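J.: With the sequences and hints as input, model every part of the structure.
Protein sequences, first through last, are from chains A, B, C, D, E and F. Under this note's numbering, the very last position in the first sequence is 116; numbers go up by exactly one each time. Under this note's numbering, the very last position in the second sequence is 116; numbers go up by exactly one each time. Under this note's numbering, the very last position in the third sequence is 116; numbers go up by exactly one each time. Under this note's numbering, the very last position in the fourth sequence is 452; numbers go up by exactly one each time. Under this note's numbering, the very last position in the fifth sequence is 452; numbers go up by exactly one each time. Under this note's numbering, the very last position in the sixth sequence is 452; numbers go up by exactly one each time.
Read the hints as simulated data drawn from the structure, not as lab findings. These figures come from a predicted structure and were not determined experimentally. Fair warning: there could be bad hints in the mix.
[Stated by the list, open to error] As a list, the in silico DSSO-like pairs of lysine-lysine whose alpha-carbon atoms are at most 30 Å apart:
{"id": "1", "chain 1": "B", "residue 1": "K52", "chain 2": "E", "residue 2": "K206"}
{"id": "2", "chain 1": "E", "residue 1": "K275", "chain 2": "D", "residue 2": "K206"}
{"id": "3", "chain 1": "B", "residue 1": "K52", "chain 2": "A", "residue 2": "K12"}
{"id": "4", "chain 1": "F", "residue 1": "K206", "chain 2": "F", "residue 2": "K395"}
{"id": "5", "chain 1": "A", "residue 1": "K52", "chain 2": "C", "residue 2": "K12"}
{"id": "6", "chain 1": "B", "residue 1": "K12", "chain 2": "B", "residue 2": "K52"}
{"id": "7", "chain 1": "A", "residue 1": "K98", "chain 2": "C", "residue 2": "K52"}
{"id": "8", "chain 1": "F", "residue 1": "K206", "chain 2": "A", "residue 2": "K52"}
{"id": "9", "chain 1": "F", "residue 1": "K206", "chain 2": "D", "residue 2": "K275"}
{"id": "10", "chain 1": "B", "residue 1": "K98", "chain 2": "C", "residue 2": "K12"}
{"id": "11", "chain 1": "D", "residue 1": "K91", "chain 2": "D", "residue 2": "K206"}
{"id": "12", "chain 1": "F", "residue 1": "K275", "chain 2": "E", "residue 2": "K395"}
{"id": "13", "chain 1": "E", "residue 1": "K206", "chain 2": "A", "residue 2": "K52"}
{"id": "14", "chain 1": "B", "residue 1": "K52", "chain 2": "E", "residue 2": "K91"}
{"id": "15", "chain 1": "D", "residue 1": "K206", "chain 2": "B", "residue 2": "K52"}
{"id": "16", "chain 1": "B", "residue 1": "K12", "chain 2": "C", "residue 2": "K98"}
{"id": "17", "chain 1": "C", "residue 1": "K98", "chain 2": "A", "residue 2": "K12"}
{"id": "18", "chain 1": "A", "residue 1": "K98", "chain 2": "A", "residue 2": "K52"}
{"id": "19", "chain 1": "D", "residue 1": "K206", "chain 2": "B", "residue 2": "K12"}
{"id": "20", "chain 1": "C", "residue 1": "K52", "chain 2": "D", "residue 2": "K275"}
{"id": "21", "chain 1": "C", "residue 1": "K12", "chain 2": "D", "residue 2": "K275"}
{"id": "22", "chain 1": "E", "residue 1": "K206", "chain 2": "E", "residue 2": "K91"}
{"id": "23", "chain 1": "A", "residue 1": "K12", "chain 2": "E", "residue 2": "K206"}
{"id": "24", "chain 1": "D", "residue 1": "K395", "chain 2": "E", "residue 2": "K395"}
{"id": "25", "chain 1": "B", "residue 1": "K52", "chain 2": "A", "residue 2": "K52"}
{"id": "26", "chain 1": "F", "residue 1": "K275", "chain 2": "A", "residue 2": "K12"}
{"id": "27", "chain 1": "D", "residue 1": "K275", "chain 2": "F", "residue 2": "K395"}
{"id": "28", "chain 1": "D", "residue 1": "K206", "chain 2": "C", "residue 2": "K52"}
{"id": "29", "chain 1": "F", "residue 1": "K206", "chain 2": "C", "residue 2": "K12"}
{"id": "30", "chain 1": "C", "residue 1": "K52", "chain 2": "F", "residue 2": "K206"}
{"id": "31", "chain 1": "F", "residue 1": "K275", "chain 2": "E", "residue 2": "K206"}
{"id": "32", "chain 1": "B", "residue 1": "K52", "chain 2": "C", "residue 2": "K98"}
{"id": "33", "chain 1": "F", "residue 1": "K91", "chain 2": "A", "residue 2": "K52"}
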Amino acid sequence: MKLIKAIIRPNKLTDVLRGLYAAEVFGITVSRVRGHGGEVDAVETYRGTTVKMELRDKIMLDIGVSDSFVERTVSVIQRCARTGSVGDGKIFILPVEKVVRVRTGETDTEAVTPVQ
Amino acid sequence: MKLIKAIIRPNKLTDVLRGLYAAEVFGITVSRVRGHGGEVDAVETYRGTTVKMELRDKIMLDIGVSDSFVERTVSVIQRCARTGSVGDGKIFILPVEKVVRVRTGETDTEAVTPVQ
Amino acid sequence: MKLIKAIIRPNKLTDVLRGLYAAEVFGITVSRVRGHGGEVDAVETYRGTTVKMELRDKIMLDIGVSDSFVERTVSVIQRCARTGSVGDGKIFILPVEKVVRVRTGETDTEAVTPVQ
Amino acid sequence: MAKRFLLVVATLALVVPCAYAQEASSLSGADTAWMLVSTALVLLMTPALAFFYGGLVRSKNTLNTMMMSFVALGVSGVLWALVGYSLAFGKGTAFVGDFSMALLSGVGLEPDGSIPSLLFMGFQGTFAIITAALISGAVVERMRFVPYMVFIAVWGLLVYAPVTHWVWGGGWLGEMGALDFAGGAVVHVNAGIAAVVAALVLGARKDYGNEAIIPHNVPFVLLGAGVLWFGWFGFNGGSALAADGIAALALVNTMLAPAACLVTWTLLDHMVTRKITAVGIATAIVVGLVAITPAAGFVTPASALALGALAAFPSYFIIRWRVRTSVDDSLDVFAAHGVGGLTGALLTGVFASAAINAGGADGLLFGNAGQVGIQALSVLAVAIYSGAVTFVILKVLGQVTEIRAAADDEGIGMDITDHGEEAYADGEGAVLLDRTEVPLEANGLNGMQPTL
Amino acid sequence: MAKRFLLVVATLALVVPCAYAQEASSLSGADTAWMLVSTALVLLMTPALAFFYGGLVRSKNTLNTMMMSFVALGVSGVLWALVGYSLAFGKGTAFVGDFSMALLSGVGLEPDGSIPSLLFMGFQGTFAIITAALISGAVVERMRFVPYMVFIAVWGLLVYAPVTHWVWGGGWLGEMGALDFAGGAVVHVNAGIAAVVAALVLGARKDYGNEAIIPHNVPFVLLGAGVLWFGWFGFNGGSALAADGIAALALVNTMLAPAACLVTWTLLDHMVTRKITAVGIATAIVVGLVAITPAAGFVTPASALALGALAAFPSYFIIRWRVRTSVDDSLDVFAAHGVGGLTGALLTGVFASAAINAGGADGLLFGNAGQVGIQALSVLAVAIYSGAVTFVILKVLGQVTEIRAAADDEGIGMDITDHGEEAYADGEGAVLLDRTEVPLEANGLNGMQPTL
Amino acid sequence: MAKRFLLVVATLALVVPCAYAQEASSLSGADTAWMLVSTALVLLMTPALAFFYGGLVRSKNTLNTMMMSFVALGVSGVLWALVGYSLAFGKGTAFVGDFSMALLSGVGLEPDGSIPSLLFMGFQGTFAIITAALISGAVVERMRFVPYMVFIAVWGLLVYAPVTHWVWGGGWLGEMGALDFAGGAVVHVNAGIAAVVAALVLGARKDYGNEAIIPHNVPFVLLGAGVLWFGWFGFNGGSALAADGIAALALVNTMLAPAACLVTWTLLDHMVTRKITAVGIATAIVVGLVAITPAAGFVTPASALALGALAAFPSYFIIRWRVRTSVDDSLDVFAAHGVGGLTGALLTGVFASAAINAGGADGLLFGNAGQVGIQALSVLAVAIYSGAVTFVILKVLGQVTEIRAAADDEGIGMDITDHGEEAYADGEGAVLLDRTEVPLEANGLNGMQPTL
Ligand SMILES: Nc1ncnc2c1ncn2[C@@H]1O[C@H](COP(=O)(O)OP(=O)(O)O)[C@@H](O)[C@H]1O
Ligand SMILES: Nc1ncnc2c1ncn2[C@@H]1O[C@H](COP(=O)(O)OP(=O)(O)O)[C@@H](O)[C@H]1O
Ligand SMILES: Nc1ncnc2c1ncn2[C@@H]1O[C@H](COP(=O)(O)OP(=O)(O)O)[C@@H](O)[C@H]1O
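T.: See below:
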C-alpha cells in the first residue's frame, strides 16, 4: 500500500479528477494548501503597504492505493496536472503500513477498493 | 512511531475527539478536507447551470503515536466514526522515522507524551 | 528522500519561512490546520451557550527534502518556531519512496531542487 | 386604521403648522414623503433579519435561514395585498375585518388620513412580512422549506391579520384602549409566541444539547442588527403616519431605547461572563428596539431611556436560561421578541404620558394604574390566540406532509438538501452537467463564434 | 425633463392639497424632501449591485467585479455632471441634447418643477451611474479594468445620454407617447443589450462551458438583492418627482411586482428543479423590479401583481437556455435586465391606465392597443441604437488596446492581476516590502518612540 | 443651534414656497420629514463604519474592531442625551454649554427652527456617536475594550461637546465666522487628531512593521464605504436642517465630491502602483466625503468637483508615507479624516460663495481671502484642543488601568481574549459546557418532551 501525495494547481483539479476516475482511482482526499517553490511572487499593495505573497494557492491530493495502482496514478496526475510552467507541483509516494476502511473494518487492498 | 491519518465525517469529529481523549490520545491535528469515494454526488443548480458536486466535506486527523498506541487509536476511531453508510472514511497508518517536539527538542515517544 | 511534516503556530510562519529560505529550502507546502495538545482551552459564550474550544489554529508544513537536508530543515524549524510555551508544535519525519516533479518528470533529489 | 388614525390626526393638529390644510380628505406631501420612506425602511428590515438570523446559524444552513426571511417578502407580501389587508383593516367585526378590500378593491390614491390609502396598505404590508419572517428563527436548521412557506402563508391570514384588526383595525383591543404604537403585541409578542410554539411542535435540532452549535458569521449578525435599527426608524417613526412631532418623538425614542439597552446588556455581559460579546450587543439592539416599539410615540425620551435599560434584564436572563432547557427556540425569538414585546407593552402602561402625546393615555407613573392592566390583557389575548392557532396550523400541516427534515438531511445541512446550493462554494470538484442536454436550437447557437 | 414633468405636475395638481402653491416656479419642501431621499436611495443601488454581482463570481474575481460597479460611481458620476446631463436634458434636437448645461452651467437651486433643478440633475445622475454598472455583469472575470473604465465613460456619453434624451429629455420617443416611468427602456433594455453585445465581442471566459463556475458567496447576492429592492423605491418612487399619490403608487407597485415575481419564480423553480434556490429568489427580485420599472406609476397595484408574476416566465426560461449556449453573458444581464425591461415595457402598454394616472395613457386592456406598438417601437429603437453603438465603441477600443485579460491572468484571477489585492486574505506567507525604501524624512520619524 | 439656525432660516426664506408659514415658532412637515430621514441615515453610518474598519483588520480582530463602533451607539448615544447635548448646545459661554438641558429637560416637541427640538437633539446625537467611533480606527487590534469604552465616554463629554459648542452651539468659532457646514473641523479634524494621539500613546501593534498586516475582508470595506456614502447624504444634506435648496445643494455636492475624489485617486493609484485598488477606491470615497463635509452647503457643484479632486492628493500621499513611519495609526484615521477634514475646511475658505448660499460667506475665490485664515484658525484650535485633551484622558486612564492588551492577547487576537467569540467559526472541536450546571427549575423543563 502507498499513499500518493500530490500537489497541483487549483485549476488543474477538474482535469486530474477526471483522469483519475478514468483510471479507476476513486478514493481521493483533497485539501486546499498553499505552496512556495520556484514561482515569481505576486506583489500586492494595501493603502501603501506593499507585500510580497510568497505562497501560491495549490491543491493537495492524498490518495491511498494498492501497489499495483501506483504507477498509473502517478502517470495520470503527471499528465493531467502539467502545464509546463514553473509551479506545476510535486508528487510524493509514501509507504503505508496499513489501511482500514472505517465502515467495514476491511483492511489494505480491500479498504481502498471502491464500493460498487 | 507511527502517523495515523484518518479521514472521517465532519459531524463525527466531536465523538472521535471524545473517544481519543478517553483513550489518552491528546496530541491531534485536524484539517478540513474534501473527499471522493463511493458516495452519491450532490447535484446543485445555479441559475440554470447544473453541477455535480463530486467532493464531500470530510475531516482529516493526523495523529502521531508511539507504536504501543497504534491499535487503540485505530480502534477508537473506527468505533466513534462509524455510521455504517458509505462515506465513513479511511485510516492510513504511516511509518515515522522521527518525531521532535519543537518546544523542548524531545524526540519520539517523549515528544508525543502530553504535558501534564 | 524524506517528508518533513511540521506543525507550528500561525504567527511563527513568517519566521520559519524566512529561516527555511535562508537554509536554501525553497519547496514548501503550507496548510491551515487546527490542533489539540497541552494548551489550555479557550472558553467562548454565544448567547448563554458556553463552549470550550479544544482546537487551536496551527499551520502544517509539508516539506520534501533529500536526506542531506533533513537535519538542517528540522533545526531551522525548531529554532524559528519555538516560543517556549506549550503549543509550539511537533515535527514528523516520514520516509518517502519517490518524489516526482510534475512539470519535468524529474524524480527524487532533482525533483526537489528548485529551479534557478 | 380607524381609531389609530383619529389619534394621530388629533396629535397632528397640535404640531403641524399648516393644520388648516389637514382635513381628512386631503393629502399632505410631507406626510406622504415620510411614509414613502418609512415603507421602504420597513421593507429593508426583512433582508436585514435574514442576515441577523443567517449569521447565527451554521454555514450549512445559511441560505435556508436567509430564504425563510426572503420568501416572506413574496408570500406574505402578495397575500397581504390579496386578502390580508382587508382582513386586518376591513370594517368587519371587533374580531376580524372582512373581504371588502380584497384584491385591493377600493384601495387607491384617495387620502386615508393625510396619505394615499394605497400607501397605508403598503406600509402595513411590510409589517405583515417581517412578522412572519421573525418566526423562522425558531425553526431554522430543521423545518422543510415548502411546509414553511405554506405555514407563513396561512399564519399571515389566520393569525396576523385578525390580531392586527384587534389592535389597529378598529377591533376590541384598540377600542378597549390598549396602547401599541408600532406593534409590541401585534408584531413581537405575536411572533414570539408563535415561534416558541413552532419550536416545541417541531422538536429540537438533533444536535441541540449535544453539540456546540455556534454562529458561523458574527459580522452578518452585526450587519443585520445595524440595518434592523435603521429600518426600525421607519417602523416606529412611520407609525405616526405623519411627519410630525409624534414621528420625531417615536424616532428619537427608537434611537435612545436600544442605546440604553445596549449599555445595560454590555454591563450585564461584563458582570456575568467577564466578556462583552458581539452577539450580545446585536441582541441587545434588537431587544431595545422591540421593547420601545409599543411605547415609541407615547412616552418621553427620558422614559425611553429607562424603558430600554429595564428591558435588557428579562431578555438577558431568559436567553441564558433557555439554552439550558430542552426548548430549542433556536435563535431565541421568544426571549428577544416575545419577552421584549411583553416588557415593552407593560412598561408602556407604566410610562405612557398624555402630556407628550394627547392621542395616547397616561400610564401608571402618571396616575393611571389601569393602563397596565389593559396592556397586560392585550398581551395575554394576543399570546393565547397566537399560540393556539399556530399550534393548530402546524399540527394540521403535519398531518398533510412532513414538516421536519429527515435526520440525514439535517446532518448534511438544508442548503444542499432543500435548495441545492451552498452559501460559500469554491467550485472545487464541481462538474458541469447538462452540456449534452442542449436543445437543438441552442446547439445551433453553440456553434457561434465566441467572438464576433 | 420637459414632457415628463408636465405629466407629473398635472397629476400632482389632483392630489396635493396645497396645489395652489404649486406653480412651476416654486419649490415644494415635501417634494424636495422625497427627492433628496430618492437620490440617496438610487445611489445606494450601485454598491448593492456590486454585492449582487460580486457574490455571483468566483472569489478570485470578487474585487474586480465589485469595482466595476464602484468605479462607475466616480467615472459616470463625474462625466454626467460635466456633460452627460446636458446631452440628455439640454434642449437640443429630438435625438440628443446640447452643451447648454455643460459643466452644470445654469443648473442651480431654482425650481425645475417643484424641486431644485440641481437636485433633478443629481437624481438623474444616479441613473446614469447604475446603468453603466449594470453592463459589467456581462464582462466580469475577463475584461481588463482600465479599458472597462474607458468603455463606460464613452458609453455614458454616446449611448446613455442620447437614449435618455429620446425618452425623458424631450426627444422623439417621449413625444411619440412612449411610456417609460422610471427607465424600462432607458436603463434596463439599454444596459441589457449593451451587455450581450459586450459579452459577444469579448468572447466567453476560458473556463465557460468546461468548468463549473459557481457563485462564491450567495449571501452577498441576497444582500445585493435586498438593498437593490430598497434603493429601487427611490428609483421608481422618485421618478414621480414629487411626494404625491403617483409616488405612492409607484412605490407600492415596486413592492408588489417583485413579490409576485418572487412567488412565481419560486413555483417555477420548484416545478422544474424540485429545489427553490436562493440565487433564484435574488434573481426573481431583480427581474420583478426591472419589469415594473417602466410601468410603476402608470398601472394599478392589481396590474403590478399580474405584471410581476408574468415577468418571471421569459426571464426564467431564457436564463436556463442561455447557459447552454456559447454566449457567456456571465451574470445574465440580458435575461434579467434586457428581457425583464422588454417584458415590462410591453406590459406597460397592456396594463397602463389613464384612470390611475392621468399623466399616463391607457393600455391595451383599457382599449388602447396602439400603446403596445409604441412601447415595442421604443424598446426596439433603444435596443438597436444601444447594440450598434456599444459594438462600435468596443471594436474601436479593441483597436487601441487589449480589452481582454490574458489567459494566464484570467486563470490567476483579476483581483491579483488587475488590482494587486485579494478579497479575502489571511496574511500567511505575506512578506512586507518597502521597509528599506523609507525616505529620509520618514526615517527620522521612524526613530520616534513608539509610545509617548 | 443658535447662529447656524439663523443662517438656515435666512436661506430657507429664499427658497421655500410656503415661507409665510415658516415663523420661528412653527413646525414644517417637509423639514421634519427630511430630518427624520437624515437622523436615520447618520445613525446607519456607525454600523457602516464598523464594516469599513472591520474589513481592514485581521480576522482575529474583526469583532473587536466592529464592536468599537457598535458600542459607541450605546455609550455615546446615551451620554449625549444625558449631558452631551446640553454641554454642546446649552447657552453656556463661548467655550462650552451648560447643564440647562441635561437629562433632556426642556427638549421636547416644540419647534427649534422648523423641526421639533427633540429631533435636532437626536440628529446631533448621531454625530456625537460616529465621531467617537471614528477614533477607534487608530487603536484597533491592541486597545483593551473596557478602557476603550471609558475613553469614548469621557472624550464625548470633554472633547466632542465643547468643540461642537464652539462651532455650532453659539461658541467663539461660530461667532468668528468659521464655516463648517456639517463637521469638517467638529467631526473629522477632531477625530483625526484624537486618533493619531491615541495611536502614539498606545504604541504600535507588536507586528507592525515586521509582518504584513493586510485586510481580511475587502468586500466588507467596500460595503462600509458604500453605506457610509449613503448615510453621508443625511450627514451633509441634513445639516441644512430643512428640505430646501441648501439641502439639495449639500446632497448633490456630497455626490459629486467623492466621485471626483474617486476618479483622481484611481488615476493616482494607476500612475504610482500600476494597479487600481479596491481599498484605494473605498478610501477615496471616504476622503471625498470628509473633504466636502465642511463645504457642502456653501460651495457650487463645480467647486465641489474641484474640491473633491484636490482632496485626493494630500491624503493619498500621506497614507503612503505614514505606513513607512513608526506611527501605527492603524486604519489611517488621521490621513483620511484629519487631513481630509483639514483640506476640506481650508478649501471651504477658498470656494465658499455667498451667491449660492446667502447664509454662508464668500471665500478666497470670491475675493474674501480672510476666510481661509478663519478656516485655518478654526482647524488649528480644534486640533490643539482635541490633541491635548485626548492625550490627558488617555494618560490618566493609563494610570488607572492597563489600556493596552497583553502581547499574548494581541497575538491570539482580541475577539477571543476580550469578547470570547470568533467572527467566523465552524464549531469544529467546540465542546458544549454547562449542561450539568442546569438549575433545578430548568431541569424540570429539561424533562419536557422534545415534541408535543
Ligand atoms: N520540496 C517540496 N516539498 C513540499 N512541497 C513542494 C516542494 N517543492 C514544491 N512543492 C510544492 O509544489 C508547488 C510547485 O513547486 P514549484 O517548485 O513552484 O514548481 P515546479 O514543481 O514546477 O518546479 C509549490 O508551490 C509547493 O506547494
Ligand atoms: N483510497 C483513498 N485514498 C484517500 N482517501 C480516500 C480513499 N478512499 C476513500 N477516501 C476518503 O474517504 C472518504 C470516504 O470514502 P468512501 O469510499 O466514500 O466511503 P467508505 O470508506 O465508507 O467506503 C472519501 O470521501 C475520501 O475522502
Ligand atoms: N501526537 C501528535 N500528533 C499530531 N499532532 C500533534 C501531536 N501532538 C501535538 N500535535 C500538534 O502540535 C500542537 C502543539 O502541541 P502541544 O502538545 O499543545 O504543545 P507542545 O508540543 O509544546 O507540548 C497541537 O496543537 C497539535 O496540532
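J.: Name the hints, by number, that the structure is in violation of.
T.: 7, 11, 14, 16, 18, 22, 24, 25, 32 and 33
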